[in-house]
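Asks: If you want the building blocks of each chain, they are given just below.
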Amino acid sequence: GIQVEQSPPDLILQEGANSTLRCNFSDSVNNLQWFHQNPWGQLINLFYIPSGTKQNGRLSATTVATERYSLLYISSSQTTDSGVYFCAVVPNSGGSNYKLTFGKGTLLTVNP
Amino acid sequence: DAGITQSPRHKVTETGTPVTLRCHQTENHRYMYWYRQDPGHGLRLIHYSYGVKDTDKGEVSDGYSVSRSKTEDFLLTLESATSSQTSVYFCAISVGQIVNSPLHFGNGTRLTVT
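If you read the sequences in order, they're chains G and E. Those letters in the first sequence? Residues 1 to 112, by my numbering. Those letters in the second sequence? Residues 113 to 226, by my numbering.
A few of these clues could be false.
[To be verified] Covered by chain G, according to a simulated footprint, are these stretches of chain E (three or more residues, beta-carbon under 8 Å):
1) 181-193
2) 213-222
[To be verified] Here are a few chain E residues that sit away from chain G, every Cβ distance over 10 Å (derived from the structure):
3) Gly115
4) Val131
5) Asn140
6) Ser173
7) Asp174
8) Gly175
9) Tyr176
10) Val200
Simulated from the structure, these hints should not be mistaken for laboratory data. Glycine is no exception: its CB is placed at the ideal position from the N, C-alpha and C atoms.
Looking at chain G on its own, in the form it has when it is part of the complex (with noise of 0.2 Å):
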């Protein structure tokens, strides 16, 4: 099946720093979505983005398709950021949710 490899596994922060977390993905892709687990455990929607470039607030995020990977970029970083970021994606030849492989997330700590 599908490989997702997230990087990097672990990211520490301080407040107002910027970071970028990468998502590979070993074949093409026609669903790509990002996540936010919180330390409360709520699992959060931040993008669906099989392609091209969206942002939303502090958060952007990029998937080249065609060289198989997605980036998430954190800006002026706050302390509620902090949490697990996964990136789950669906193969060309898997079809659907139904199939949605998720990596294994990078764990964000971002201090005061």
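Chain G is already provided as a structure; the job is to place chain E on it using the hints.
Replies: Chain E in isolation, oriented as in the chain G frame:
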């Protein structure tokens, strides 16, 4: 907010007992999912539904059954709970009427089987 409510939020049960978890949505979305999340395994799909009375198995469906008698409710049943089913269970929906839509999760149910 995709209007997803999971109940109960926490449950402790004994091995061998049946357990039913409920997922309720208020926005009439077609596609619903049950996942479990475990350390070292990440998020894994248990079962999913593509409409009323239309369900199918996911990656880790053994020991679980589901039912969807109304659009708004998707039930997950552990017929005879085992310790290996101790986990955090998340319900999710595709927000949109096509299956490849953003996935939104409920707040989870923490189940402990003793």
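Asks: Regarding the assertion that Gly175(E) does not contact chain G, is the least Cβ-Cβ distance greater than 10 Å?
Replies: holds, 20 Å
Asks: Is the Cβ of Asp174(E) more than 10 Å away from each Cβ in chain G?
Replies: Non-interface label stands for Asp174(E): nearest chain G Cβ at 17 Å, farther than 10 Å.
Asks: Per the coverage rule (Cβ-Cβ under 8 Å, at least three residues), is the region 213-222 of chain E covered by chain G?
Replies: Our answer is that it holds, as 7 residues pass the Cβ test (under 8 Å) against chain G, meeting three.
Asks: Run the C-beta distances from Asn140(E) to all of chain G and say if the shortest one exceeds 10 Å.
Replies: Fine: 17 Å to the nearest Cβ keeps Asn140(E) off the interface.
Asks: Was Tyr176(E) rightly flagged as not at the interface, with every chain G Cβ beyond 10 Å?
Replies: holds, 16 Å
Asks: For the region 181-193 of chain E, do three or more residues have a beta carbon lying closer than 8 Å to a beta carbon of chain G?
Replies: Three-residue rule not met by the region 181-193 of chain E, so violated; n is 0.
Asks: If I take the minimum Cβ distance from Val200(E) to any residue of chain G, is it greater than 10 Å?
Replies: violated, 7 Å
Asks: Over 10 Å from every CB of chain G: does Ser173(E) meet that, or does the non-interface label fail?
Replies: Holds, because the least Cβ-Cβ distance between Ser173(E) and chain G comes to about 12 Å, which exceeds 10 Å.
Asks: Is the nearest CB of chain G more than 10 Å from the CB of Gly115(E)?
Replies: Label holds. Min Cβ-Cβ 14 Å, cutoff 10 Å.
Asks: So Val131(E) supposedly isn't at the interface. Is its beta-carbon more than 10 Å from every beta-carbon in chain G?
Replies: holds, 19 Å
Of the numbered hints listed earlier, those contradicted by the structure are 1 and 10.
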